[in-house]
Structure formats: C-alpha cells, structure tokens
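Visitor: Spelled out from the first residue to the last, the chains are:
Protein chains: 2
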Amino acid sequence: MNIILLSGGSGKRLWPLSNDIRSKQFIKLFKDESGQYESMVQRVYRQIMSVDADSKVTIATSKSQASAIKNQLGEKASICVEPCRRDTFPAILLAAAYLHDELGVGEDESVAVCPVDPYVEKEYYEIVKQMGELALQSDANLTLMGIEPTCPSDKYGYIIPESGDEVSRVKEFKEKPDVETAKKYLGQNALWNGGVFAFRLGYLLDKAHSLVDFTDYRDLFSKYESLEKISFDYAVVEKEPSIQVVRYGGDWRDVGTWNMMTEVMAEATKGNVTLDDTCVNTQVVNELDIPIICMGCKDMIVAASGDGILVSDKERSGAMKPYVERVNLDPMYAEKSWGSYAVMDAQKGSMTVKVSMHAGDSMSYHSHDIRSEVWTVIEGEGVAIVDGMEQHLSVGDVITIAAGCKHMLKAITNMSIIEVQLGKEICASDKHKHAMD
Amino acid sequence: MNIILLSGGSGKRLWPLSNDIRSKQFIKLFKDESGQYESMVQRVYRQIMSVDADSKVTIATSKSQASAIKNQLGEKASICVEPCRRDTFPAILLAAAYLHDELGVGEDESVAVCPVDPYVEKEYYEIVKQMGELALQSDANLTLMGIEPTCPSDKYGYIIPESGDEVSRVKEFKEKPDVETAKKYLGQNALWNGGVFAFRLGYLLDKAHSLVDFTDYRDLFSKYESLEKISFDYAVVEKEPSIQVVRYGGDWRDVGTWNMMTEVMAEATKGNVTLDDTCVNTQVVNELDIPIICMGCKDMIVAASGDGILVSDKERSGAMKPYVERVNLDPMYAEKSWGSYAVMDAQKGSMTVKVSMHAGDSMSYHSHDIRSEVWTVIEGEGVAIVDGMEQHLSVGDVITIAAGCKHMLKAITNMSIIEVQLGKEICASDKHKHAMD
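For the record, the sequence lines run as chains H and A.
442 is the number that this note's numbering gives the last residue of the first sequence; the numbers go up by one with no jumps.
442 is the number that this note's numbering gives the last residue of the second sequence; the numbers go up by one with no jumps.
These aren't lab readings, by the way, just hints derived from the structure by calculation.
Heads up, a few of these hints could be off.
[Said to hold, decoys possible] Which stretches of chain H does chain A cover? Using the computed rule of at least three CB atoms under 8 Å from a CB of chain A, they are:
hint: 1; region: 101-108
hint: 2; region: 122-133
hint: 3; region: 207-216
hint: 4; region: 266-274
hint: 5; region: 290-303
hint: 6; region: 380-388
[As the list claims (entries may be wrong)] Okay, the calculated beta carbon distance ranges per label pair:
hint: 7; chain 1: H; residue 1: Ser227; chain 2: A; residue 2: Ile417; range: 54 to 60 Å
hint: 8; chain 1: A; residue 1: Glu230; chain 2: H; residue 2: Gln352; range: 42 to 48 Å
hint: 9; chain 1: H; residue 1: Ala351; chain 2: A; residue 2: Ala408; range: 27 to 33 Å
hint: 10; chain 1: A; residue 1: Thr283; chain 2: H; residue 2: Cys156; range: 24 to 30 Å
hint: 11; chain 1: H; residue 1: His371; chain 2: A; residue 2: Ser39; range: 37 to 43 Å
hint: 12; chain 1: A; residue 1: Glu268; chain 2: H; residue 2: Lys326; range: 29 to 35 Å
hint: 13; chain 1: H; residue 1: Ser367; chain 2: A; residue 2: Asp282; range: 35 to 41 Å
hint: 14; chain 1: H; residue 1: Met54; chain 2: A; residue 2: Thr283; range: 42 to 48 Å
hint: 15; chain 1: A; residue 1: Thr405; chain 2: H; residue 2: Gln352; range: 36 to 42 Å
hint: 16; chain 1: H; residue 1: Gln352; chain 2: A; residue 2: Ala408; range: 28 to 34 Å
hint: 17; chain 1: H; residue 1: Lys303; chain 2: A; residue 2: Pro246; range: 52 to 58 Å
[Unchecked claim] Below, in silico cross-link-like pairs of lysine-lysine (DSBU-like), each with a Cα-Cα straight-line distance of 35 Å or less:
hint: 18; chain 1: A; residue 1: Lys438; chain 2: H; residue 2: Lys353
hint: 19; chain 1: H; residue 1: Lys326; chain 2: A; residue 2: Lys303
hint: 20; chain 1: A; residue 1: Lys353; chain 2: H; residue 2: Lys411
hint: 21; chain 1: H; residue 1: Lys81; chain 2: H; residue 2: Lys17
hint: 22; chain 1: A; residue 1: Lys75; chain 2: H; residue 2: Lys353
hint: 23; chain 1: H; residue 1: Lys436; chain 2: A; residue 2: Lys353
hint: 24; chain 1: A; residue 1: Lys353; chain 2: H; residue 2: Lys36
hint: 25; chain 1: A; residue 1: Lys181; chain 2: H; residue 2: Lys353
hint: 26; chain 1: H; residue 1: Lys17; chain 2: A; residue 2: Lys411
hint: 27; chain 1: H; residue 1: Lys353; chain 2: A; residue 2: Lys234
hint: 28; chain 1: A; residue 1: Lys411; chain 2: H; residue 2: Lys429
hint: 29; chain 1: H; residue 1: Lys75; chain 2: A; residue 2: Lys415
hint: 30; chain 1: H; residue 1: Lys341; chain 2: H; residue 2: Lys244
hint: 31; chain 1: A; residue 1: Lys411; chain 2: H; residue 2: Lys275
hint: 32; chain 1: H; residue 1: Lys33; chain 2: A; residue 2: Lys429
hint: 33; chain 1: A; residue 1: Lys353; chain 2: H; residue 2: Lys341
hint: 34; chain 1: H; residue 1: Lys33; chain 2: A; residue 2: Lys341
hint: 35; chain 1: A; residue 1: Lys127; chain 2: H; residue 2: Lys429
hint: 36; chain 1: A; residue 1: Lys429; chain 2: H; residue 2: Lys353
hint: 37; chain 1: H; residue 1: Lys36; chain 2: A; residue 2: Lys188
hint: 38; chain 1: H; residue 1: Lys429; chain 2: A; residue 2: Lys303
hint: 39; chain 1: A; residue 1: Lys36; chain 2: H; residue 2: Lys81
hint: 40; chain 1: H; residue 1: Lys353; chain 2: A; residue 2: Lys341
For clarity, every value in this text was computed on a predicted model and none was experimentally measured.
The beta-carbon is built from N, C-alpha and C at its ideal position, and this holds for glycine as well.
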C-alpha cells in the first residue's frame, strides 16, 4: 500500500523533550518487540510494515524534521519536504504529486494519508490497508477512518454515518460540538474524525488541478509558498458528496501532552533515575548524564534534557505552553542530517558542543564568517577537508578552523568530537555552504 | 577574640548541592546585607566580624575543604588542616596547638570553639564573645553555650544548670533523652548543648598534655593519625567539674536537611527557575545553565547541580541519604585551591571539563602518566608553563599536553578553559606534582 504520513509541526507541550526543532514524534519513549526504545515515527513505521511489508511510506514534513527522520528511519521511507508550512491540503497535494511524478505511483493506485501522532494498535493499520483496498473497489471518492468514541468529547470533529455497519456511507460531518450535542451524536452511531483518508491517486490529482494551477510536482514545489493555507477537511472532504467511512474501535490516543504520554510510556522511568518507595504514579524521563532522585512524588512527571527540566503535577502539565514560551531558550540538542550535537557550555564569546556522528555521516562543506572552531576528536576516526586539504582524524587529533575557512567532516567509524566555537557572536545563521573545490 | 570554627565532614543530605568534596557549609543559599549570595561559612565569618572586627578566626577542617574555604574567604581566616579525620577532641586540640605554636596566641588568652553549621542570629556571636570574656574572668574552667529549647526534642544533649540565670554553673549533662524525659528537663531550666565551648588556651593545653603525649603543634600533627577518635564532650567536658553555661535564646537552626534549609533560604528560587501560579510552598535551587519549570508542585524541594537532580517532597527529603549513596557518582563539580572545574562530558576514553580560574589563581606544576590534555582558552589570559617553557595564553589559544608532560597555568585575568582529557583511563589519582625546574 502507498501511505503518506503527515509528520506535523514542532510542539512545546512535551518540553523539554520536544522543542522547536525536535518534534514529539521523535522522542524515544516506546519500545519495539525486542525491547529497544523507539519513537512514534519508528513505532508507526514498524506497525505499517508488520501489516504490509511492501508498503511504500512517504513522510510529508518540513525541512527542519527531515534530518531527524533520516536519522531514525534511515533510507527506508521517502521524504517529501515542504518548502514552508501550508496546512494539510497543500501538504497532501504536494505529497500526492511527489508520489506520482517522483516515485512513479500510478493514478489507479490507492493512497492512504495518516497523521503520525496517534498512539494506536496494529489493527489501526489493518484498517488503513483495508481503506486503501476499498478506495479502489467501491465507488466512493474518499474513504475515511472513523474512530469509535469512548466519551462525548468536545475535542474532535464528528462523522455521522448512514449506518452502524463496519463500512458505511457518510451522511454528514459535524464540527467540534459541545458535550451535550456530542451526546446526541453518540446516539446516531457517530464517529470521531481521525484524520485518515484513502483515495485513488488519480481522484486527488484531478481535484488538485481543479483547485490549483500547476503542472507537476516540481512546478507545485516552486509555487508552494503562494498556496492558500487550508486544511484537507475544508478544501476537499467537506465538499465531496461521495464518502464512505470505516470504523476503528481499538486503542487510539493523542499523546501530545505529558499527562497522556505517561499513560503509554514503555517504562515508568527512562535514563538514570531513582524513585523511592513513596513515589506514586510518577514517571521520569532523564536524557541527561547526571542522576535524578525522586522522593515522595505523587502524580508527577519529571523530564530532563539538555534543553531544561520539567517538574510537574500531571494534570497541570497540560498548561505548560506559556511557561515554556517564556523560557525561550535556544535548543541545546539537535539531530541533524550529519549527526547530532549537544551544547555543553555557552558563555559570552564561546560555545562548546559535543558533535556525534554515525559511521558514514558527512557534514556539508561550509564556513563561518565570525566564529573560529577548535575540534578535538574524542572517539572514532574520520576525514576532514579543510580549505581543500584532506586530513585523516583519529582520537586525540586537534584541528583549528579559522573564521572564513571552508571545512567538512566525514565519519569513517562512529565518531565524537568536542567543538569549541569562539567569536564575538555565536549564532546558527553564521554558516555558508560551499561546493567542494 | 580567638575563634576556632569546626568545619565538619562532607554531607550527602543536601545532595546534589553537597557531595563528598563540597560540604553543605559552602553552598551559597543565604544573602549578605548587600544582597549577594553567601554560604554558611561566609555568613558565619561575616557575623563574627560584625561583632568583633578584630576576631582571629581559625578554621579547623580537613584537607578536602581547605580549597573551598580559601576560595570563599580568601586569606582572611587561618586554616588548620587535619591530616585525617579524628573526631572533635583531636581536632580542637590540634587547632589549639596551632593557635599557640603557629599563630602565637598566649596561654592566658581565651579561645571559643564553634561549629560552623547552625543558622543563627548575630546575637549568638555576641554570646560567644561574652563567653570568651567569662572564660578569663570567672574561675570555671569551661564555659558552654546553652541553647534555650523550643520543644522537648530527643535530638540534642541537655545541660542542667544550677539556676535559670543568664550565666550559671552546670549541675549535670544528660545524653539525648526520650521526649518524655526531655519534658521533665525543661522544668529544670535545661538547655540544649550547642557544641560551643570557651576556655583559657593554657587550660586546654594542660589538659591535652595530660591526655596525649606531644611536644608542640608539628609533633602533634605528625602523630595525628595515631590519636583516638573521641569527641570533645566525652574527653573533656563530661570529666570537668568546673563548668558554667551561658544561655542563648535566639534563632538557632540545624540546616542540615533540605526541609530545614528551605526555611531559611534567602529566596524561594535560585538560578534559572520558573514556578507556575499553582506551586505552593516549593523551593527550587538550580545551579545548571538550563531552565527548570515547575508546575503544580506542593511542599517540594527541587535542587539541580552538575552532580544530579533532586525532586522531593520536603518531609521525605530527610530520608534521602541511602538513595544518594546508591547513586554513588563521582562529583561533577569541585572548587580547588586553583579555581573550580565542572565535568561537561564523560565517555569511555575521554572527559571534558570546564576549568574556571580567578585572576591570580595558579595550578601546581604537575603531570599525568596516562592521560593527555587539550586546552582551549575561551575567556581571559594567563601564562602556562609546559615542560619548563613559558607560554602566554589568550582566547582561542590551544595547547596540547602529552601524557608525562609537566604543566601548570597561572591566570592573569579571570580565565576559563575547555580541557579535553584523553586516555585509556581517566582518574583523579593520575597526577604527580613537581617542583618547578
């Protein structure tokens, strides 16, 4: 099956593990069948593959997430990078054009679109597969997944089906109602709109050409910024008369806040954590090297990363966003396409970071106008190119890179370096990429 | 007045701010009159000086604390370093011999001995001064401070005075009683034994020579390890028939646990800390560079340092010790006579530390057998001597120090360097001091 996974924006509600450049779907708090920690993106990919090992997965995402996805999935999934953020209709459209024009998916093939966030059972992806098949077999233009409600929630849009059958035509859509209205819907076999759609690729491309003036993927990419910000629901679903819905009754959770995340975390603690006997209903995630000791904590979440430390009552954690926005700190840890870095020290005129690269990782050839850098290799070996000169590096080697000097590093083995950045101003924007000489 | 301050052992009960090498009396959680943070040692010294600006203060302590005391008090106080730990009688004896033989204090002068830990008002040191005067004027051999009890506590020894007068002869001493017995004592004008003694220096030296075979300070120092571990109370006080006690009724608190420390901390938070509106009776100390956000915390203490993070219910925090002992981590931050260091990263084969020195600070000339070091100067300037060669260092300079190579650094201005240590084994014991060539 062809699947477009929408890997959405950055979130601060799982701070300090999520930040402006690390979205919640990359935090490794789940475990796979062999007991290895995995992120939501990895979990979803694994679940899809266990349902259909031939699935072609394309992740529609922003530039800032592409590196993290490559680090976590390797080359297994295609990535369709949006030049800028433009809501779900443009994103799905761009990904559909990408499938057609870059990956050669035919107009008669089906495509399913899924958000990457919900925590679900494998059965969910069995339904997704079924939806892809139904999209080709039935005469409905769109096939939606309806989540069987567990309560009259006011947080979701509702789908009213014509019947309570497993597959049914859709009678109408309802915006997020108040709880009283939601109760009425529940009496009509109503379902939550889970944001999962399947369609024949040709249907969507026709629809797209009728709404947007473009020739192919590259053309669409080039004019992406001019597209209207509009959701797929508004632009397509609510105007389409021929829609069917498939029911899903399994576990389906939004793990976008700590309170909800703690319910599905693989373990009560991760990292160097000690809880005393009097801790109750408390989860602790520690990404730092130093130990955390919790004593007498009740109904709490404690999370620590290079970006900061959260100590919160679970219920209260949902109200975290404004406080995190006030903190307004540069991310101290980031996964990049060439590896990851962690800021270890920052003071006026200098910043010290630890750079970690996997064997084969390679930086772009670049230079800085303002800052110089001193690299000390503490693990592994690699090859640096500095102003066109190739240099083999191994543990204990030190190189100094003056401001203006072009440089890159390719890791031969897994590699760690301590990089001391020095200059009047240390900022991420002080970077120019260069073609290799 | 002559004062011996007993600066006691390392404590884990204020972890992670106190550790094996940083005792609780060096944590800066109080404020002086100008609003600057100060430690207990600094507070006590300031209080003593405000009562008598001519006080001669000698701090009896272990080798491991000498550096921290020098960093916090400079050259203002004398330091009498015990070669090893031997309880309070040997420690007071060594300090008394030091005063007599090294500082020239006469046998007819009085000396007061005070523990450095209790949190007290200035009036306490006015009583100490008065005790020194009484030690010379009255015919009692020992003058003690009695703390007016605020409750029938079972945590202290009791002094039963002959009268309720401000100064009274002592009738008897009582070991820590149970609460019921303590209630009876309170009806007899009983006082807590606060561990403060004053005496004529000659009295103590005579007593010492009758108990220990030594000639002078240096002789005593050389045989210190062979001395019996015994407290001053057992060895001297309880055998002395001629004792008087002076009452102190002001604030007197043991701030040896977080629960008690939070009652006297200058501010509810220190460092980069955000508390939301729903936090109640919660104190947070953050020595890390990253922010801490607390939400919905009730009756809690949160403390973070390079050694670790504590999140604890206040009452429960008193039971912390066994958990901290299990963590058993090398201290990540230390004040040394030549400055301070903070471990930023440790992995197999390397450790990266930030070294901070004040202008004028100077390392000993030393070498390492196993590890090499790479220094990058990120702030200030200084002079390094490497295998006898003098080298001026300023921001951006990098020097590599091979294993076996002798080296030292003297800071001209305040100075920071990033030091990457590399070697099969990285340990504190891999260090040899050398005379300068």
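Visitor: Take the hints in turn and mark each one as holding or not.
Guide: Each hint, compared with the structure:
{"no.": "1", "hint": "101-108", "result": "violated (count 0)"}
{"no.": "2", "hint": "122-133", "result": "violated (count 0)"}
{"no.": "3", "hint": "207-216", "result": "violated (count 0)"}
{"no.": "4", "hint": "266-274", "result": "violated (count 0)"}
{"no.": "5", "hint": "290-303", "result": "holds (count 12)"}
{"no.": "6", "hint": "380-388", "result": "holds (count 3)"}
{"no.": "7", "hint": "H:Ser227 x A:Ile417: 54 to 60 Å", "result": "holds (58 Å)"}
{"no.": "8", "hint": "A:Glu230 x H:Gln352: 42 to 48 Å", "result": "holds (43 Å)"}
{"no.": "9", "hint": "H:Ala351 x A:Ala408: 27 to 33 Å", "result": "holds (30 Å)"}
{"no.": "10", "hint": "A:Thr283 x H:Cys156: 24 to 30 Å", "result": "holds (26 Å)"}
{"no.": "11", "hint": "H:His371 x A:Ser39: 37 to 43 Å", "result": "violated (48 Å)"}
{"no.": "12", "hint": "A:Glu268 x H:Lys326: 29 to 35 Å", "result": "holds (33 Å)"}
{"no.": "13", "hint": "H:Ser367 x A:Asp282: 35 to 41 Å", "result": "violated (49 Å)"}
{"no.": "14", "hint": "H:Met54 x A:Thr283: 42 to 48 Å", "result": "holds (44 Å)"}
{"no.": "15", "hint": "A:Thr405 x H:Gln352: 36 to 42 Å", "result": "violated (23 Å)"}
{"no.": "16", "hint": "H:Gln352 x A:Ala408: 28 to 34 Å", "result": "holds (29 Å)"}
{"no.": "17", "hint": "H:Lys303 x A:Pro246: 52 to 58 Å", "result": "holds (55 Å)"}
{"no.": "18", "hint": "A:Lys438 x H:Lys353", "result": "holds (33 Å)"}
{"no.": "19", "hint": "H:Lys326 x A:Lys303", "result": "holds (20 Å)"}
{"no.": "20", "hint": "A:Lys353 x H:Lys411", "result": "holds (31 Å)"}
{"no.": "21", "hint": "H:Lys81 x H:Lys17", "result": "holds (28 Å)"}
{"no.": "22", "hint": "A:Lys75 x H:Lys353", "result": "holds (27 Å)"}
{"no.": "23", "hint": "H:Lys436 x A:Lys353", "result": "holds (31 Å)"}
{"no.": "24", "hint": "A:Lys353 x H:Lys36", "result": "holds (26 Å)"}
{"no.": "25", "hint": "A:Lys181 x H:Lys353", "result": "violated (54 Å)"}
{"no.": "26", "hint": "H:Lys17 x A:Lys411", "result": "violated (50 Å)"}
{"no.": "27", "hint": "H:Lys353 x A:Lys234", "result": "violated (50 Å)"}
{"no.": "28", "hint": "A:Lys411 x H:Lys429", "result": "holds (33 Å)"}
{"no.": "29", "hint": "H:Lys75 x A:Lys415", "result": "violated (47 Å)"}
{"no.": "30", "hint": "H:Lys341 x H:Lys244", "result": "violated (40 Å)"}
{"no.": "31", "hint": "A:Lys411 x H:Lys275", "result": "violated (43 Å)"}
{"no.": "32", "hint": "H:Lys33 x A:Lys429", "result": "holds (31 Å)"}
{"no.": "33", "hint": "A:Lys353 x H:Lys341", "result": "holds (24 Å)"}
{"no.": "34", "hint": "H:Lys33 x A:Lys341", "result": "violated (39 Å)"}
{"no.": "35", "hint": "A:Lys127 x H:Lys429", "result": "violated (47 Å)"}
{"no.": "36", "hint": "A:Lys429 x H:Lys353", "result": "holds (33 Å)"}
{"no.": "37", "hint": "H:Lys36 x A:Lys188", "result": "violated (59 Å)"}
{"no.": "38", "hint": "H:Lys429 x A:Lys303", "result": "violated (43 Å)"}
{"no.": "39", "hint": "A:Lys36 x H:Lys81", "result": "violated (58 Å)"}
{"no.": "40", "hint": "H:Lys353 x A:Lys341", "result": "holds (24 Å)"}
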